[in-house]
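Asker: Listed below are the residues making up each chain.
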Amino acid sequence: MKVLVAVKHTIDHNVKPNIHPETGQVDIAQVKKAINPFDEISLEEAVRLKERGQVSEIIAVAIGGAEAKDSLRHAYALGADRALLVETDAQLQPLAVAKLLKAVVTREQPQLIFLGKQAVGEDYGQTGQMLAALLGIGIGTFASGIQLKDDHVEVTREVDKGTQTLSLQLPAVVTADLRLNEPRFIKLPNLMMAKKKTIETLAAHELGVDLTPRFKVISASEPQQKPGAIQLANVQELVAKLRQAEVLQ
Amino acid sequence: MSVLVLAEKDGNHLKPSTYQAVSAAAAWQLPIDLLVYGDNLDAVVAEAQQLAGVRSVLRAQAGHLQHPLVEDVLELVLSIANQYSHILGAHSVFGKSVVPAIAARLDSAPITDVIEIQTPSTYVRPSYAGNILSKVESQEPVQIITVRATAFRASNLGGNAEIIMVDVPSARGISAWIGEQLTHSERPELNSARVVIAGGRSLGNEFNALLDPIAEQLDAAIGATRACVDAGFAANELQVGQTGTIIAPELYIAVGISGAMQHLAGIKDSKIIVAINHDPDAPIFKHADYGLVADLFTVLPELNTALQQD
Numbered sequence: 037m038k039v040l041v042a043v044k045h046t047i048d049h050n051v052k053p054n055i056h057p058e059t060g061q062v063d064i065a066q067v068k069k070a071i072n073p074f075d076e077i078s079l080e081e082a083v084r085l086k087e088r089g090q091v092s093e094i095i096a097v098a099i100g101g102a103e104a105k106d107s108l109r110h111a112y113a114l115g116a117d118r119a120l121l122v123e124t125d126a127q128l129q130p131l132a133v134a135k136l137l138k139a140v141v142t143r144e145q146p147q148l149i150f151l152g153k154q155a156v157g158e159d160y161g162q163t164g165q166m167l168a169a170l171l172g173i174g175i176g177t178f179a180s181g182i183q184l185k186d187d188h189v190e191v192t193r194e195v196d197k198g199t200q201t202l203s204l205q206l207p208a209v210v211t212a213d214l215r216l217n218e219p220r221f222i223k224l225p226n227l228m229m230a231k232k233k234t235i236e237t238l239a240a241h242e243l244g245v246d247l248t249p250r251f252k253v254i255s256a257s258e259p260q261q262k263p264g265a266i267q268l269a270n271v272q273e274l275v276a277k278l279r280q281a282e283v284l285q
Numbered sequence: 002m003s004v005l006v007l008a009e010k011d012g013n014h015l016k017p018s019t020y021q022a023v024s025a026a027a028a029w030q031l032p033i034d035l036l037v038y039g040d041n042l043d044a045v046v047a048e049a050q051q052l053a054g055v056r057s058v059l060r061a062q063a064g065h066l067q068h069p070l071v072e073d074v075l076e077l078v079l080s081i082a083n084q085y086s087h088i089l090g091a092h093s094v095f096g097k098s099v100v101p102a103i104a105a106r107l108d109s110a111p112i113t114d115v116i117e118i119q120t121p122s123t124y125v126r127p128s129y130a131g132n133i134l135s136k137v138e139s140q141e142p143v144q145i146i147t148v149r150a151t152a153f154r155a156s157n158l159g160g161n162a163e164i165i166m167v168d169v170p171s172a173r174g175i176s177a178w179i180g181e182q183l184t185h186s187e188r189p190e191l192n193s194a195r196v197v198i199a200g201g202r203s204l205g206n207e208f209n210a211l212l213d214p215i216a217e218q219l220d221a222a223i224g225a226t227r228a229c230v231d232a233g234f235a236a237n238e239l240q241v242g243q244t245g246t247i248i249a250p251e252l253y254i255a256v257g258i259s260g261a262m263q264h265l266a267g268i269k270d271s272k273i274i275v276a277i278n279h280d281p282d283a284p285i286f287k288h289a290d291y292g293l294v295a296d297l298f299t300v301l302p303e304l305n306t307a308l309q310q311d
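Line by line, the protein sequences are chains D and L. So the first sequence is numbered by my numbering: it starts at 37 and just counts up by one. So the second sequence is numbered by my numbering: it starts at 2 and just counts up by one.
Just chain D, same shape as in the assembly:
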């Protein structure tokens, strides 16, 4: 069985973004980038399925400029069999990404498609759901556990008060939540080997998708910070303050 994993090369999750003083937009051109952590979890899950003998081929797909190859090499080092870059310098929005991925899925015909539940950065959290809807197939979002069967996949998902399990006919889309697994530590030889592997490229315009942005980020600002805590000496002072603020019933 073939599995496709969508990989986003995005702002490193440890980096705090800054607003560019002139453009008034978030300045991500110069920041450190890395594979989206939720996509790394997706890859790890695909690799585990392969190690169990349930999956024969893992294809990692990234969309973006040449710099996105870094994340595809990371995917190789984790255990992907093939890596494909859909190349474009356009500013992509989730709907366009979903349409590009749909075109790749139509070509590759994977049975299972993994995405992260969201990318760190803009935090839209839309692409997996849109991809499944465009393909007309089932989706399990926020997956914390999966069991692959012959013609379906059972997805355990994190919901408000616990977990829920769904059964999805294959092909299906699954979006990975934090607790699906803990990605393995990548060994240096794997990383070296990944550098030698070929990354297939495909020009985005060949896929016939309209990439025109549908919405505009007009401005970005930092939320107002609190001035800092008023330090209290003891519990009695705390209870008195809370009473004063009328937040105790």
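These are computed hints drawn from the structure, not numbers from a lab. Please note that the accuracy of each hint is not assured.
[To be verified] The list that follows gives simulated cross-link-like pairs (lysine to any residue, SDA-like), each with its CA atoms no further than 25 Å apart: (1) D:LYS262 <-> L:SER259; (2) D:LYS252 <-> L:GLN140; (3) D:LYS277 <-> L:PRO302; (4) D:LYS69 <-> L:GLN263; (5) L:LYS136 <-> D:ASN50; (6) L:LYS287 <-> D:GLU282; (7) D:LYS197 <-> L:LYS269; (8) L:LYS136 <-> D:GLU282; (9) D:LYS135 <-> L:SER122; (10) D:LYS277 <-> L:THR306; (11) L:LYS287 <-> D:GLY264; (12) D:LYS138 <-> L:THR306; (13) D:LYS277 <-> L:GLN140; (14) D:LYS68 <-> L:PRO284; (15) L:LYS10 <-> D:SER180; (16) D:LYS68 <-> D:LYS223.
Because the structure is a prediction, the values reported are computed rather than measured.
Model the placement of chain L on the given structure of chain D, informed by the hints.
Answerer: Just chain L, lined up with the frame of chain D:
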């Protein structure tokens, strides 16, 4: 021009987030229809009718909607979508799952996790783990959004909406609900509680023993940091933060929580934040209203006693 709001229910009640979604939808000053779906809807429809500002309650009743699936609610919404210029859902687990799917099928880019609607088509939403607020203008003919419910007040009761029966498309049959493991707690739900008290890893095995009695007295929901959950001291669904539940209660009490960026992203909209930590340099104090530098294991029982004496 009118707005379709997707309701969510919990048993025989609408979820609080539906009240907030309806009040958010009022920003457009257009008629609002509320879509209620499930297999047994009498009580929920009667409740939905009373929501102020709702023109019609759309009743979509079918056996296969007992445990609503994205694939089926998607078809249901698409079957009536041509009557609406705006579609809105809460940014809940279900709303996040189904609303982008609806948008994709309507070839409209959704705006998710909206905290402010600036009519007619500009929205404010947090990004970068809450470190940035972006103002986004959508050019789509059908505006489709999810709202962070806690950023909006709940809609009042006092309405008297008409009921419209909706023909439910047949089940897609490509997905099925198998089961769920829900934690039954006497405590209010984390994402709608008025008061939340949360603990960090340092509470260890004492997590419940220390927090439960105080939560009981304050009618508070209990939350935990990711580290605390990962260490096995608290259940997964208690996790507060960017990758857990994002909350905005009237009062948030952070106990033994240092204040990692990802945790702060989930609590920063709380009205009053109290931090209790033994480390005076913990970053949480920069984001709190009141701080108490103290040993958790002595101060929590003291707090419990002090609250009892009121």
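Asker: Among all the numbered hints in the text so far, which are the ones the structure does not match?
Answerer: 8, 12 and 13
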